[in-house]
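Just so you know, the protein sequences line up as chains F and U, in that order. Straight run, no breaks: the first sequence in this note's numbering ends on number 158. Straight run, no breaks: the second sequence in this note's numbering ends on number 1193.
Keep in mind that the hints were calculated from the coordinates and are not lab data. Some hints here could point you the wrong way.
[Unchecked claim] Residues from chain F that face chain U, not an exhaustive set, calculated with beta carbons under 7 Å:
hint, residue
1, ALA51
2, LYS59
3, GLY129
4, LEU144
We treat Cβ as the ideally placed atom computed from N, Cα and C, and that holds for glycine.
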Amino acid sequence: MSHFHKKGTKGSPGINTASLPDIVFMLLFFFMVTTTVRDASLKVRLITPQATEIQKLEKKSLVSYIYIGPPIRAMQPKFGTEPRIQLNDAYASLSDIPLFIEMERKAHDEKEIPYLTTSLKIDKEVKMGIVTDVKQELRKMNALKINYSTKKGGRADE
Amino acid sequence: MARRRKKRSLPQINAGSMADIAFLLLIFFIVATTMDTDSGLLTKLPPMPDPDQPPPPEIHDRNIFQVLVNANDEILVEGEWAGLASIQKSAILFIDNNGDGSCNYCTGSRQPNMSDNPDKAVISLQNDRGTSYNMYIQVQNELKRAYNELRNTASMNKFGIKYEDLRGDNQREIRKMYPMKISEAEPKNIGGD
């Protein structure tokens, strides 16, 4: 055991870093569990309205998103400024929604289908016309659980 | 023992870089994380009307609380101009009215032109295609606030805690006392897009 002895240098002992990998792994697992990788890059401008009576969406895996808003600035020369629907990663039209819902359903277990929620992320400047159309389309597909995505905030009149 | 010794002579895997690898992964996940959970107003759309089914019975006029929002984001409540701030109050008065006296937990003043009981009360929300989405959400929020306040009061009286803190059956019971009935009429296009 004598070869573990240091040769009499009496400086302060170094910090023991043996547990560093463990700590790092712990953090790593935490972030791996909490991560949901952002799957869609936004192609529409989204400033959701504020509301007070909001609820948190429980199961993220059961939520599919429909974005509606005017195209972002980079896309405006090509697509104008009229509000558009975005499904997944691309602009879509109303007639694409049934297929989108169908795909969402196929990706889930049959038991989970009644709990599937569609979250509508809509810019607050959008007119109700296009929103109503989307809602009608969802009704036709019998996807009735929806969520109007809003931020927590004060009421507009306060 | 001899075998053991032999095994020890195998070169060990160098674990010195493990921390570095873990750090690399850690940084990747930190960057990729989005912590924000989505939140909003959860609602249920009515199912499409079935052509084989007979149309639902007409609802008596006094049991309907009509809210109209036009293309200029102006609000009409029960036929009168109203501001956003007054919707909640008038909705509560309407729902809690207890017209037929069957609701023993209501505190309403039993007006003849408002709802019979909370179970029969229906809020009809109609908007124009030109209404802004923001206004629509604000109105929805106010109506929801009216129901939440009624439920909170009922829950405080009955269980002594807030509605949102109730669990399972108790929450269902309060929900049954004040069922949320917000009906959205088929959209109209009056003011244009």
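Hints, one by one, checked against the model:
no., hint, verdict
1, ALA51, "4 Å, holds"
2, LYS59, "10 Å, violated"
3, GLY129, "4 Å, holds"
4, LEU144, "4 Å, holds"
Consistency with the previously given hints fails for number 2 only.
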